[in-house]
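Colleague: Using the hints provided, position chain B relative to the given structure of chain A.
Residue numbers (the working numbering), protein chains in the order written: chain A, 13 to 98; chain B, 13 to 98.
Keep in mind that the hints were calculated from the coordinates and are not lab data.
Built from N, CA and C at the ideal position, the CB exists for glycine as well.
Among the hints, a few may not be true.
Stated by the list, open to error - The calculated lysine to aspartate or glutamate pairs, modelled on DMTMM-like cross-linking and capped at a C-alpha distance of 25 Å, are: (1) B/Lys41 - A/Glu36; (2) B/Lys76 - A/Glu36; (3) A/Lys81 - B/Glu39; (4) B/Lys14 - B/Asp73; (5) B/Lys49 - A/Glu42; (6) B/Lys88 - A/Glu42; (7) B/Lys23 - A/Asp27; (8) B/Lys76 - B/Asp27.
To be verified - Stretch-level coverage of chain A by chain B, calculated; a stretch enters the list once three of its residues show a Cβ under 8 Å from a Cβ in chain B: (9) 17 to 26; (10) 29 to 39; (11) 47 to 53.
To be verified - Restraint-style ranges between C-beta atoms, simulated for each label pair: (12) B/Glu50 - A/Gly28: 19 to 29 Å; (13) B/Lys88 - A/Cys96: 31 to 41 Å; (14) B/Lys91 - A/Lys91: 43 to 53 Å.
Number of protein chains: 2
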Amino acid sequence: MKRLYFQRDFKRGVDGTFSWLTDELEELKEALKGTDKEATEKEFADVIAWLASLANITGIDLEKAAINKYSNKCPKCKKSPCQCPF
Amino acid sequence: MKRLYFQRDFKRGVDGTFSWLTDELEELKEALKGTDKEATEKEFADVIAWLASLANITGIDLEKAAINKYSNKCPKCKKSPCQCPF
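Just chain A, same shape as in the assembly:
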């Protein structure tokens, strides 16, 4: 993702990239209302791609961030599976 998009993302900046991410989330919301699984899968891919773009230009390793916080138990209730009440 970084190799593909970093240059372009860096030029666009954080605000512009965040705005694209928000738009993609809206598209995912629409896709989830339908029954086309392939289309929904593509919208999920777009959201994660833009999230990765945003992470890249802010110097954050998305995978590492996820593993650091969500390794093998819930960071809130400290249990696996999670027992949080929401």
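Modeller: This is chain B only, laid out in the frame that chain A set:
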């Protein structure tokens, strides 16, 4: 993520989980305005965690979805790095 949260996410359903995801994105937006990199990293982790939750309850493999669409070139312009004008 599935092992940790699937039961809880499944009970909450798609709409409720999407709503959490939207809230987490707002928190990420706030964190990006600041200078605390560790806090920002945690917000990125939260967004990806809720996105994974949403994918799990809709029966979609998030990693596979991303790889299918964004393998080694941009799905729009078919180039690497991407040459799209946005």
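Colleague: Is the straight-line distance between the alpha-carbon of B/Lys76 and that of A/Glu36 25 Å or less?
Modeller: Satisfied, since the Cα-Cα distance of roughly 18 Å is no more than 25 Å.
Colleague: Would you check the hint for B/Lys23 and A/Asp27, treating anything up to 25 Å between C-alpha atoms as holding?
Modeller: violated (34 Å)
Colleague: Check whether the Cα positions of B/Lys49 and A/Glu42 lie no farther apart than 25 Å.
Modeller: violated (32 Å)
Colleague: Quickly compare the C-alpha distance for B/Lys41 and A/Glu36 to 25 Å and report which way the hint goes.
Modeller: With a Cα-Cα distance of about 15 Å, the restraint between B/Lys41 and A/Glu36 holds, given a limit of 25 Å.
Colleague: Tell me if the straight-line CA distance from B/Lys76 to B/Asp27 falls inside 25 Å.
Modeller: Between B/Lys76 and B/Asp27 the Cα gap is close to 23 Å, so the pair holds against 25 Å.
Colleague: Are B/Glu50 and A/Gly28 spaced within 19 to 29 Å by their CB atoms?
Modeller: holds (25 Å)
Colleague: Do at least three Cβ atoms from the segment 47 to 53 of chain A come closer than 8 Å to Cβ atoms of chain B?
Modeller: This one holds; 3 residues, not fewer than the three required, reach chain B with a Cβ under 8 Å.
Colleague: Hinted pair, alpha-carbon criterion (25 Å max): A/Lys81, B/Glu39. Please report holds or violated.
Modeller: The hint holds at about 16 Å.
Colleague: Does B/Lys14 pair with B/Asp73 here, judged by a C-alpha cut-off of 25 Å?
Modeller: holds (10 Å)
Colleague: Counting residues of the segment 17 to 26 of chain A with a beta carbon closer than 8 Å to any beta carbon of chain B, are there 3 or more?
Modeller: holds (count 6)
Colleague: With the threshold set at 25 Å, check whether the alpha-carbon distance from B/Lys88 to A/Glu42 stays at or below it.
Modeller: The hint holds at about 21 Å.
Colleague: Three residues or more, CB to CB closer than 8 Å: is that satisfied between the segment 29 to 39 of chain A and chain B?
Modeller: It holds, with 5 qualifying residues against the three required.
The structure fails to meet hints 5 and 7 from the earlier list, while all remaining hints are met.
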